[in-house]
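Residues per chain are reported as follows:
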Amino acid sequence: MDKKFLYYLIKRVLLAIVTIFLVITITFFFMHLIPGDPFQSEKAIPEPVREALMEKYGFNDPLWKQYLTYLGNAVTLDFGMSMRMDGREVTDVIFEGFASSAKIGFIAAALALVMGMVFGAIAALYHNKFIDRVIMVVSTAFVAMPSFIVGTLLLWIFCAELEWLPANGMESGGLILPIIALALYPMAYTIRLTRSSMLDVLGQDYIRTAKAKGVHPSKVLFKHALKNAVTPVITYAGPMIAFILTGSLVVERIFTVPGLGDHFFSSIQNRDYTMIMGTTIFLATIIVIMMLISDVLYKFVDPRVDLS
Amino acid sequence: MKKKNVNGEFPKKNPLSFQLNLSKFEPASAKEKELQIVERESVTFFKDGMRRFLKNKVALVSAVLILIIVSTAIFVPMFYPYSYEQQLSNVGNGQARDKSAILLKPFEYSDSEQARIDAGEFVFPHILGTDKDSYDYFIRVVYGTRISLSVGFFASIIVLIIGVLYGSISGYFGGKVDLVMMRIVDIIYSLPDMLMIILFSVLLNEYLTPVIEGTVLSKLGTGMISIFIVFALLYWVSMARLIRGQILTIKQQEFVLTAKALGASPARIIRKHLLPNCISVIVISTALQIPNAIFTESYLSYLGLGVKIPMPSLGSLASDMKSCVWTPDQVYMFLVPALVICLIVLSLNLLGDGLRDAFDPKQKK
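Residue numbers (numbering that gives the first Met the number 0), protein chains in the order written: chain E, 0 to 307; chain Y, 0 to 364.
Here chain E stands alone, though its shape is the one from the complex:
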């Protein structure tokens, strides 16, 4: 690891920390801009009880003190109580939901990356042939489809019309459709990315040299071409995780998967502010960390990239 790389790493980590800090700050002040306090629910609470609650949760403290407390709590992933789900800690709900969200998200991401690279490489190898055109037309179409439309279309075709798969994510086989709905857009994007970078690499001199030396075609493809062509895909992995995480907010709703997105969706509809804030900070932190990893990994894998 040279000095330049270390410098880049430090800069990038600092940026990530500042971003997360900013997200926490924004969410805190948003929560305080909203009129009313968390204890104004439909059920009227007696005034002394309310006062006691306000005192207990520190709502009577000055704003800066509340902010520091909130910041401290957020660092330890403590987001307080849910305002709508009685007696439940936001952190518990988040972790519970995240377990199932992470499962489909991870499979969808892996599917999108692997299939995307395979089809992208095939399209590049058969450049301007029939198969390339088919792959490009399909991937261009998928890039134009929002995830909730893809999800609802899949629901219509496979659950309502063909009745092949269950529409409920909790039944067996019910996670197949949400995974596909999440994976299609990133897959289409990865295909386009891999194809264009592969075409670029295949035109390079070192590929011609390898071929002229009589290296076996499959070795040229995998060792010389593909290895260099997939580096841009690494930079896309970060934004892709972000896309899958936010995309899952609606996809989980469509297929009734009891994940984080489902909780988030209902907390928006119920105006459950502590839940919204907690989920936002949690998701934002994951997204920022994923972006950081994919950026750093990219520079690490491809030494040709200029770090300045």
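Please note that a few of the clues may not be correct.
What the hints assert, rightly or not - DSSO-like, lysine-lysine: derived pairs with alpha carbons at most 30 Å apart:
no., chain 1, residue 1, chain 2, residue 2
1, E, 2, Y, 175
2, Y, 175, E, 10
3, Y, 46, Y, 56
4, E, 128, Y, 56
5, Y, 175, E, 298
6, E, 128, Y, 54
7, E, 222, E, 2
8, E, 226, E, 212
9, E, 3, Y, 175
10, E, 2, E, 226
Everything labelled a hint here was simulated from the structure, so no lab data went into it.
Fit chain Y to the known structure of chain E by using the hints.
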């Protein structure tokens, strides 16, 4: 001056003499004139780009498609006999509601309309039937397209103005100014945009509703306004980065130095010399920004944070009709707005790519 000799030739010049070689000043012969004929007219940058663009069939088809969609969205509501907020079950004249106007199939008529037809009156058909609130569905889709397109358009204009302003200042002044401005961009760029939009929408929903009560804006709904605000706050960063990069290369060129030497102010140099030179980049990335905004709007409408009822947008229509997939008769109610969103986004993407290939051949994806 030397004269031609008897053979019609100039006398040979002494190789060391500074005297002009007069043979070079003879009128051109017919053969030489032929060489001077212009084989192709000189083309301007715009003409050259248009020529390349017109060759690109995919981009051309998308352009035509967009033109059709945009003109439908603008002109059809002007003469269409139903409006997007007119409930057809409400017959008027203090009569009871006509329940048969709910969920009409395409080209069906409600009982009261049938009675009017029998009486010899002309009733405009419901091309896509009516929905469960007895709104004419066709006009809602057309109006929703209008809303979605205008969100895309105005959001892109906001991004364009802020991005160009910020990017050109940062790029032109360079040094410390650039460093600070670009760090700010870096931070905003790494904020997860969709989450921030949801957060803003939730907050503004709570906060803006009483403020805009009774104004034109309340018809639009707080969701729409927060989309614009968020675009103004967050989405300009990639545009700013792009413009900065362009300005950084262009400002090294001699004509900028000349302008500086002649005493032009920075504002004038940016306006008259730098921006016109990156106009193609600006136009192309604005075109590619529109589908992005439409995507975001439909996503928010789906979450219930978009336009306010009864105003439709394509996203809110698709969201309202999502349960229709379980009734084979009504599936089209979901498919139509979904298809329109996809067509708009697809054709704008392809058009943007086509424009980039035609007018900015250097910058390929």
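- Message: Hints numbered earlier in the text: which of these fail when held up against the supplied structure?
- Response: none
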